[in-house]
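If you want the building blocks of each chain, they are given just below.
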Amino acid sequence: MNIENDVKGPSTTFDQSAPMGPFCWAPEAPGLAYGAAVPLNLFDIVGGAFGADRAPLAPPPFSCEILGLRGGESAMVSAFGMVKENSHWASECVILLSLMGLLFLTNKRGPGSGFALVLIVGLGGLLLIESANWLTIYLALELQTLALFILACESSEDSNTPPESGLKYWILGAMSSGFYLFGCALYFGFTGNEGMLGTILSATLETTNIELRQGSLGYLFITVAILFKLAAAPFHMWTPDVYEGAPTPTTALIAIIPKFTVYILLTSLVITSKLLLSVAIISLVVGAFGALNQTRIKRLLAYSGIGHMGFILIGVSAGTYESLQNSWTYAVTYLVSALASFTVICTLEEFGTRATERRRRDPKDPQGAFGSEGRLRRPTLAFNNNPDPLFGGHRRLRRLADFSILSRGQPYIAFSLAIVFLSLAGIPPLLGFLGKWFILVGSIKVAWGGYGAGGAALSIYYLVALLAIICTCISAFYYIRIVATIYFNFTRPLIKTKTPLSFILTWESILKGGTSEAEPGGGKSILISIYMYFILFLIICPQPLLLISYEAMPGA
Amino acid sequence: MTTGYLLVSIILFTTGVSGIIINKNNIILILMSIELILLAISYLLIVYSVTLDNLLGIIFSLMVLTVAAAESAIGLAILVAYFRLTGTITIKALNLLRG
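In the order they appear, the protein sequences are chains A and B.
With my numbering, letter number 47 in the first sequence gets 47, and the count goes up by one each step, no holes.
With my numbering, letter number 48 in the second sequence gets 48, and the count goes up by one each step, no holes.
If you want a taste of the chain A side facing chain B, the calculated C-beta under 7 Å gives, among others:
{"id": "1", "residue": "135"}
{"id": "2", "residue": "146"}
{"id": "3", "residue": "162"}
{"id": "4", "residue": "166"}
{"id": "5", "residue": "167"}
{"id": "6", "residue": "170"}
{"id": "7", "residue": "171"}
{"id": "8", "residue": "174"}
{"id": "9", "residue": "178"}
{"id": "10", "residue": "182"}
{"id": "11", "residue": "188"}
None of these hints come from the bench; they were simulated from the model.
Even glycine gets a Cβ: it sits at the ideal position worked out from N, Cα and C.
All chains should be modelled from the sequences, with the hints used to inform the complete structure.
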């Protein structure tokens, strides 16, 4: 074991010569496996000892045990082998910023708006990141999901729709937390403590102690529960239904905050990389093929999220510092793209709502003023068979066909949406390409480096990169089909509209904040502009993002 | 030593999970199955806590019971809202969002 290289990896501060990102193909890639890297701190280096040599059942100091949070330099943190000064400030900043963006999505104000519940979801995410033992992780997860259950029950159609997606989310969420708790109980029983430590597992792989192996059975249950929360592929059944049934601001919340925080939690754990790798591959395939048949936009975004989670899990499963940083970068780029897509869809739904309400006031108005929203839709729910079509729905932009010729009615919104979907597909100058590039180069680098966690040969990552490219090509089909629908679908009659040009960037419309129907209200235009800036131009200078990802992941 | 207790807990847990998976009729049964899962876990935690002479397991099971109460309260609230709008609590009515 080349101690020199290992010491250099985690302990040196960043300088320009350090290998960072795929821009630099350092010949000595840090071959340090993550499984051995997490318990690595200064004392290990001095003692020349790695996780396997440490007594795994050492009694924890009791100082931080009650609080259960990673309190900076507490004794428990170093005793449990967390890397010192492993602060999660970058991830927390990302969560807070995206929470700010998510709070703009709903136009409802007042006590019934669920504002506090959204904030509770964010608080649960922050606590989840800072948690250091299984109990606090459980409590933070439940704080998050219980608030989300309530939010998902609110129906997007009208008040007469049963809270079906909330019910499904509740059943599957409760079952997954049951799995999590069963794993915790097994783990507690076989190891005697409830800390979240990698030393046990890295000792488990080499030990012949049967009890520790059964403790790793508990770890397996916990992993399954976490993958449930992440909606990775064999455990993804709930996502399309919940995305479809929930109102769009809640869908954006479900798609972004829990996934990102649970992903950060996943990187703090040390999980068997083969399991993660197989889940990543299945997620890629399901995300690519599952969305091909979808005709509804939110179901399509659900499957798209599954495929992107596959990409993220490739980076996590490779397990080196660099691949973890790449996966963090990918998660942030996906987060920006998802936020942008949901913001645009919320804006369009808001236009539809305004058009409906105006038509409700004035029934003689022949058609709505908008090309895409002018069509009245049949109510889809059987018991919601309202004879008056003006009141039966039309609040949502559901089907892909509703995007037809959006470019005529809403040129700037349509351009934003097209750019977002091209970015999700990974077309080169956009943000999504950046993340995919890092993940692919990182996985090839891992395969080239040769050895990973436990000394296993990692040349399979060549095949994984190839499969990822193929799945990206397949999924690019349905993304680009949406773009074609936005611009070139002439099957529906054109409706001339009067849209004020360049309303996104005029300060007047921004400051007015949506008094007319054609302007996005509530600051959404500012949000879309910011997202578009990042999506279009971040690839020119991605170094700040890479520096932040260097800080964000363990081992920095 | 704790194998018998572990077996009881595993049987209860499996009963709960299969109750969720197999059940085709009633949402109340799903609620009961979830309670069964959580109680099996609490049982296992308390058994291990006594065996290992470690109070953390009991604290854990207290927290589990508290959260389980909150979770079933939310579940019942969803159920009431569902029943008001559909007039039934069968699962077969759940196929609006196919899946």
